[in-house]
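Could you put together the complete structure from these sequences and hints?
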Amino acid sequence: MSTGHRLVLDEVRLVLAGSTLLELDAEIGPGEVFTVMGPSGSGKSTLLAYLAGFLAPAFQASGRVLLDDSDITRLPAERRGIGLLFQDPLLFPHLSVAGNLRFGMPRAMPDKAARVETALAQVGLAGFGPRDPATLSGGQKARVALMRLLLSAPRAVLLDEPFSKLDRQLRHDMRRLVFDRLREAGLPSLLVTHDREDAEDAGGRVIELGQ
Amino acid sequence: MLRLAPWLIVTLLVGPILAGLAMALLPAFGYLPALGGHGFSLDPWRQLLAQPGLARSVGVSFTSGLVTTAISLAVVVLFLAGVSGSRLDRWIRRLVAPLLSIPHAAAAFGLAFLIAPSGLLSRLVSPGLTGWERPPDVLIVQDPWGLSLMAGLIIKEIPFLLLMCLAALPQIDPERRVAMARSLGYRPTTAWLKVVTPSLYPLIRLPVFAVIAYATSVVDVALILGPTLPPTLAVSILVWFNDPDLSRRFMASAGAVLQLGVTAAALIAWWCLERLVARLGRQWLARGGRGNGDSPLRLAGKGLIGLATLTAFAGIAGLALYSVAAFWRFPDALPQGLTAAHWLRALPALSGPVATTALIAIGATLIALALTLAALENEQRTGRQPAQGRLLSALTLLYLPLIVPQIAFLFGLVVVMESLGTRPTHALVIFGHLLFVLPYVFLSLAESYRRFDPRWSQLALSLGTSRNGAFWRVRLPMLLAPMLTAAAVGLAVSIGQYLPTLLLGAGRVPTVTTEAVSLAAGGNRRVIGVWAMVQASLPLVGFIIAVGLPRLLWGNRRDMRGSP
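As you go down the protein sequences, you meet chains V and B in turn. Reminder that position 156 of the first sequence reads as 156 in full-length UniProt numbering, one-by-one numbering, no gaps. Reminder that position 259 of the second sequence reads as 259 in full-length UniProt numbering, one-by-one numbering, no gaps.
Hints were generated in silico from the structure; no laboratory data involved. By construction, the Cβ of each residue, glycine as well, lies at the ideal position given by its N, Cα and C atoms. No false leads were mixed into what you were given.
Covered stretches of chain V (in silico footprint by chain B; criterion: 3 or more residues with CB under 8 Å from a CB of chain B, positions within the stretch not fixed): (1) 44–55; (2) 85–92; (3) 103–111; (4) 123–134.
Ranges of calculated distance between the beta carbons of each label pair, as one might list FRET restraints: (5) 26/V / 382/B: 24 to 34 Å; (6) 87/V / 447/B: 16 to 26 Å; (7) 109/V / 422/B: 50 to 60 Å; (8) 170/V / 447/B: 33 to 43 Å.
Calculated Cβ distances over 10 Å to all of chain B for the following chain V residues: (9) 19; (10) 23; (11) 40; (12) 209.
This is the structure we're talking about:
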């Protein structure tokens, strides 16, 4: 995971019903968090849907998305190697904490149980594996969601306002944890948010949409 | 493969109905080469019109359809308008749901046992109030006006319409509408009637049409509670069709076409009534009355739905009592003793039909569930939501088997099957049940499937799971509870089917329902009690599993215990 990845948005243009919603040309290097800011309706979530491979059929897109120099524009979502972090932690309610972490691990990955235990210990949740996710606090759930994302070994990460539902103190800690981890793993990340503090803590380039 | 599912469903539902209707229409005009009808003629119609009492049969069918629907709908709307969230209201709601699972035939038997001259009600007040020492000689059950038939149907249609309304209400946000109207000075029940009903009705129109169609053409309930001389049109058609004299099938086909016309006429009459009520309602709304008669309306809603629910449960209790009753003289309110003898005697005869019923119900439900899941999953993957509200949408096609009278197309279907050389088998009966199970399974699962948060699947995909993996490992387990409920509904619908089993099985595939209904003519209440109890409790097994299994599986997963 230490070898860095690179995400390139090559003249991406999203169109809805004939009018251009958004145009973006960017290169995101290893460990860099690229922030896209803008009010609701500015096309932030459409951009994420496009990059992750869930663009609704009503939209038209042109341009290319390159990940480590290979074109992933036409790949289905599950083969892009792009991980997602949502507003809500979205831990699968029918699986245990460990089951959630194992869900995203590549099939061939060795020592799954040991990796799960290490990952939990890294975020201060050692021994939480067999727990029901519903019994965790908000901050604990957010940490499990982050580790689930990292264990799935993505090559790039999209962050969809992942801190907006946490309370103030927790938000700051969580930002540090997430950004440190992503940098450590050398993952290029794209963060969409309308919170300026998010952008400042991310410490990367910021562009504003809808102006 | 998935892409074929919607087409398969439409073909499965529409194909047999069209083929069946065609094969009722041709013999109705004398054409059925297998029985020597090579040319077209109006003879079947002349024969049909010469049948004694035909006008009365048609009249009872037509009226019972309209009256049943009007009363059931009025009771449901009045009840909902007066709901204030009190404990009584919640109790009524909770009691109504299991009523839906009781097959029509069992509910009809229960009512018959209750209101018959020698039934429970008359026993309770005799001889104290009435002075009757022996059952009075009056025709209450199977009265010539079809009143007991309508009562039996109303008891079953109220829970159906109530459930349909409860499913539709969240879409129109009744609380805020009523709050707004009350802030303008309207009394609560009047406010509900004035601001919620006009938006609610269009959403439950198709279920209402289904009730009209069902009530005009029902066979099993009419065999138990309906008039006999002459019977309702649907029952007459069945008698003619089963006549050993095969040439009567031409007349039966003409009858089937007439039944189609009677149901269509009832639907048109209802449509005219809709217009009238809408016009009067607009005037009532525009007059701006704030509701002086508010409490009587509320009480009427509660009282009537309470009466209907109570009657249904008392009827089932009556069935249970008769099935274990020892010697029971007339005016006695209770039997002199209890005995298991009737059950023990019926047991050997029960096992076969119970197994057949279960086999057919499980087969039809599994096929329906698989087709429904495939169609809904396909909808998710192509990102196309079905158009709602349009008359010719897929939803209307789903309702087709529920709006075209069974008796009008099932005969034709039997003729088609006979000419294809298909023998009556369990598979054929399963196919017949599928026509009615599929719409209900689809309707009860679609809502929760479509409302399922799409981020769960997106998350699974972004974690590297394939689309199929996301379906099996995320969507299916998380939707287990609504899926099992849909399955239980499917089982209940299949278990209650009478006509498709009888016709497509050619009487050689006996189920609990066909056996129970065939006992109606005999009138041995103890035996009927046993069979009707079995028929009523089989669907409950499905619902118990639907409620219990998720709790068992997800016992240590807190967020899986409520319905998702």
